[in-house]
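Residue numbers (my numbering), protein chains in the order written: chain C, 18 to 129; chain S, 427 to 538.
One or more of the hints may lead you astray.
Unchecked claim - Which residues of chain S face chain C? A few of them, derived with a C-beta cut under 8 Å, are:
no. : residue
1   : Gly466
2   : Tyr490
3   : Gly532
In short, the hints are calculated from the structure, not lab data.
The beta-carbon is built from N, C-alpha and C at its ideal position, and this holds for glycine as well.
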Amino acid sequence: LAKTTQPISMDSYEGQEVNITCSHNNIATNDYITWYQQFPSQGPRFIIQGYKTKVTNEVASLFIPADRKSSTLSLPRVSLSDTAVYYCLVGTLSGGYNKLIFGAGTRLAVHP
Amino acid sequence: NAGVTQTPKFRVLKTGQSMTLLCAQDMNHEYMYWYRQDPGMGLRLIHYSVGEGTTAKGEVPDGYNVSRLKKQNFLLGLESAAPSQTSVYFCASHMLQQETQYFGPGTRLLVL
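Given the sequences, and given the hints that come with them, work out the whole structure.
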């Protein structure tokens, strides 16, 4: 199982770009990189997923270098509502069982 | 679509009591999961199911049982609740060959 390492917490201000890096040195060939967002008293919510290079959607971008041993979630122009815990997961849901591990995540605090 | 729903939202039990948590999804997903989340920590997998009538153990299965009699429902049972089972329980589901999980809103359980 691929272990991930990400910062415990980060602080930012409204309007800034936030980059959260996740290390996953033992990522396997079939593993995807998925980021979830969790607000207090809610279940995790999918943000973005990628396998290699760059992925962009309406809320975030995900940068993955060629060696895939790390990834960076980029949140453009954050607002107060982006204050949440962000989880980096590496693994695959295929094969009949769950190979994903949720770490402690990164607590992002956005200040006015 | 209601997505993934969980019943109840909150429950207080005394040590030794039993209860069943219900997870329901209306997305025709094959895979369903039960996680627990303790304060300041990520989610840990309790049990999962890859289809109707099948279940399997996850990372922390002791003290819990599950059943998947219908494709849309996944039940988590506590036969004899212990204070160590005080936690927030999340259910999740996804389609076959899909790499994104959809989470429910959670059930907060307090065992006294």
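Cut-off 8 Å, beta-carbon criterion: hint that Tyr490 of chain S touches chain C:
violated, 15 Å
Under 8 Å, Cβ to Cβ, is where Gly466 of chain S needs to be relative to chain C, so tell me if that hint holds or is violated.
holds, 7 Å
Using 8 Å as the Cβ threshold, decide whether Gly532 of chain S counts as touching chain C.
At 5 Å from the nearest chain C Cβ, Gly532 of chain S passes the 8 Å test, so the hint holds.
When the structure is compared with the earlier hints, a violation turns up for hint 2 alone.
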